[in-house]
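In order, the protein sequence lines correspond to chains A and B. Following my numbering, the numbering of the first sequence begins with 1 at its first residue and continues without gaps. Following my numbering, the numbering of the second sequence begins with 1 at its first residue and continues without gaps.
No lab work stands behind these hints, which were simulated from the structure alone. Just to be clear, a hint being listed does not mean it is correct.
Since the list gives no way to pick out one identical chain from another, each pair is judged satisfied if it fits inside one copy or across any two copies.
[What the hints assert, rightly or not] Each computed DSS-like pair below joins lysine-lysine, with the alpha-carbon atoms no more than 25 Å apart: (1) 10 x 74; (2) 132 x 62; (3) 92 x 132; (4) 62 x 75; (5) 132 x 6; (6) 10 x 39; (7) 92 x 75; (8) 62 x 74; (9) 74 x 132; (10) 92 x 62; (11) 10 x 62.
2 protein chains.
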Amino acid sequence: MDEQIKQNIKQLVNNSRDAIVSSIDSNSFPNMKAMFIAKHEGIHTFWFSTNVSSNRFSQWTKCPNAGLYFYDSKKIHGLMLLGHMDIFTDDKTKADFWHEGDEQYYSLGPTDPDYCIIRFTATAGEYWENGKYSLDHTLLLEI
Amino acid sequence: MDEQIKQNIKQLVNNSRDAIVSSIDSNSFPNMKAMFIAKHEGIHTFWFSTNVSSNRFSQWTKCPNAGLYFYDSKKIHGLMLLGHMDIFTDDKTKADFWHEGDEQYYSLGPTDPDYCIIRFTATAGEYWENGKYSLDHTLLLEI
Chain A
1 MDEQIKQNIK QLVNNSRDAI VSSIDSNSFP NMKAMFIAKH EGIHTFWFST NVSSNRFSQW
61 TKCPNAGLYF YDSKKIHGLM LLGHMDIFTD DKTKADFWHE GDEQYYSLGP TDPDYCIIRF
121 TATAGEYWEN GKYSLDHTLL LEI
Chain B
1 MDEQIKQNIK QLVNNSRDAI VSSIDSNSFP NMKAMFIAKH EGIHTFWFST NVSSNRFSQW
61 TKCPNAGLYF YDSKKIHGLM LLGHMDIFTD DKTKADFWHE GDEQYYSLGP TDPDYCIIRF
121 TATAGEYWEN GKYSLDHTLL LEI
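From just these sequences and the hints, can you work out the full model?
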């Protein structure tokens, strides 16, 4: 893959405050929701926080299959990542990701039982920029 | 539902040149892709064109379950619609949607066998704006 394309992919992710995150519901419909990215490592691992009481939490508990989508509508550059979600409900992980102001979402603070951290790990990807590029495991780790 | 919320939903869709469209692939992963909206009626019916040779076409042929997502990242307003895709490969429908310049995607013109029209019909929806709103069938037709 051309170095410029790799740079464009990296830039698309680094410029994104949030990702469109997909899940499969109990009726087998592909759901989507924008979620703030709490932290990410390259384009292979992303962390988010969510409510244990949310629809998405119960969907990923039943089926960990997930997707992330990043889109620059001006340049018409789009990145889809496919992978799985891991859920962390332990106090240590929750404390590590806690930020001042998170009380507005989780009123009981970092040990709020309704607060959890989810981690997306990409196993495949596709990128569009005047054509389609496939991202295999090696590229996902390299970019 | 408050009239202002209905107006905001309508505006979010009317201001969108494209939608993030979801499908389920053969490995049960929720795929996403930005697609130009060729035409829409309110928030219940949307038309797009695509390549018959595309991954999405084969995914919707096997499983018509689909989603649309519209997002205003500044206001943090998000609309998810769930429903199904119908595929039209007949010459009349294809001609009706043909526009000058579409040759760049379908080189053989409006009867190109690789060109088809897909229609999304919403059956349920969720809208986020400082909280979550469910959209039932009546609201989907009304907005």
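Evaluated hints:
For the identical chains of this complex, residue 10 and residue 74 are neighbours both inside a copy (17 Å) and across copies (22 Å), given an alpha-carbon limit of 25 Å. Taking the shortest alpha-carbon separations for residue 132 and residue 62, only the inter-copy value of 22 Å comes in at or below 25 Å, while the best intra-copy value is 31 Å. Taking the closest pair of Cα atoms, residue 92 and residue 132 never come within 25 Å of each other, the shortest separation being 40 Å inside a single copy and 30 Å across copies. Proximity of residue 62 and residue 75 under a CA criterion of 25 Å is satisfied in neither setting, with 36 Å inside one chain copy and 31 Å between copies.
Taking the shortest alpha-carbon separations for residue 132 and residue 6, only the intra-copy value of 13 Å comes in at or below 25 Å, while the best inter-copy value is 37 Å. In this assembly of identical chains, the alpha carbons of residue 10 and residue 39 lie at most 25 Å apart only when taken from the same copy (14 Å versus 33 Å across copies). For the homomeric pair residue 92 and residue 75, neither the shortest alpha-carbon distance inside one copy (40 Å) nor that between copies (32 Å) is at most 25 Å. Proximity of residue 62 to residue 74 under the C-alpha cut-off of 25 Å is found in neither arrangement, the shortest distances being 36 Å within a copy and 32 Å between copies.
With identical chains, the CA atoms of residue 74 and residue 132 are at most 25 Å apart within one copy only, with a shortest distance of 17 Å there and 28 Å across copies. Taking the closest pair of Cα atoms, residue 92 and residue 62 come within 25 Å of each other only inside a single copy of the chain (24 Å); across copies the shortest separation is 43 Å, beyond that limit. For the homomeric pair residue 10 and residue 62, neither the shortest alpha-carbon distance inside one copy (31 Å) nor that between copies (33 Å) is at most 25 Å.
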